[in-house]
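> In terms of the numbering used here, the sequence shown opens at residue 133 and continues consecutively.
Simulated from the structure, these hints should not be mistaken for lab results.
Please note that the accuracy of each hint is not assured.
[To be verified] For each label pair, taking beta carbons as the anchor points, the in silico distance ranges come out as:
1. Asn367 / Ala290: 13 to 23 Å
2. Leu310 / Pro289: 14 to 24 Å
3. Glu203 / Arg348: 21 to 31 Å
Positions of the beta carbon are idealized from the N, C-alpha and C atoms, including for glycine.
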Amino acid sequence: MPRRNACIFRPFCPNSPALNSPFLILETGQPVASMRRHGTFPHWIRVAAGLARDEAVVANVEAGDPLPSTEGFAGVIVTGSGAMVTDKHDWSERSAAWLREAAHEGVPLFGICYGHQLIAHALGGEVGYNPSGREMGTIGLELHPPADEDPLFRGLPAQFPAQATHLQTVLRAPADALVLARSPLDDCHAFRWRGHVWGVQFHPEFSGTHMRGYVRARHDALAREGHCAKQVSRNVTAAPHARRVLRRFVRHARHLRHVP
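Modelling step: build the complete structure from the supplied sequences, incorporating the hints.
Okay, structure coming up:
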C-alpha cells in the first residue's frame, strides 16, 4: 500500500458508490525548502480541491512508494516537482507507465505542472525546455475554443489569471488530445485527452502566499534572467478561476466513476 503520508487512508468498499471513494495523489516532489513549513504538495492540493483528510491517499513515488491498484479510487491527481521529466528518473518512468495504463483503463487523471508534463509524456506527447524560458508568477491564461465544451473549463472567462512556475513544458500534446489553454509564454497550458484525462501547466493549488514564496526562492535565478523578483511578486494576484478547475475535476471524476 502507498505510504499514508499527509493524508489518511480509508479502506474502499467495492459496493460503495464512487461518491464516497478517495482520490489518489501521486507525490512527485517537494516544495522549495523555504515553503515546506506550509506543508507538502499533496496537502496544498487536497485543501485547494476541497477534499477532507480521509478523501485522499498519498503515494510518494519520488521517495519510492509503490504504485497501487487504481481500484477503489475516484481519480488520480499528480503533483508538481522540482525534477525534470526529460531526466527520465526511474521513479518517473515507472509512474509514466502506470499513468499510461490507468489512462487507457478510463481512470480520471489530473496532472499539475510536472504531472501535466508526465501525463503528456506517458501518452506519447513531447516534453522539453520551454523555448520562451522560465514562466513564473501570476500569468494570464487564454482559453481556446475547445474549452467552451470542456467539463472543467466551460463557462469560465476567456482570459483569467493563474499561478505558474516552470522551465519545461509540453512541446507537443499527445495524439487525440485537445489543447485548451495557452499563455503568452506557453502554447500548451492545459489539455484534455479523450474524456477523462487532463493536464494543466499552471498550479491551481497555489495561493498568492505560495506564489510569492516561490518567487522569493527563485530571486537569484530571476535576476540572472533579467527579471525583477520584487516586481513579479507585486504582480501576484488571486486566481480563483484556476482553483475552480481543480475542484471541477474532483466533481467530474466522481461523476465519471459513478455512472455505469
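> Would you list, in rising numerical order, the hints stated earlier that this structure does not obey?
The structure conflicts with hint 3 only, although it agrees with all the remaining ones.
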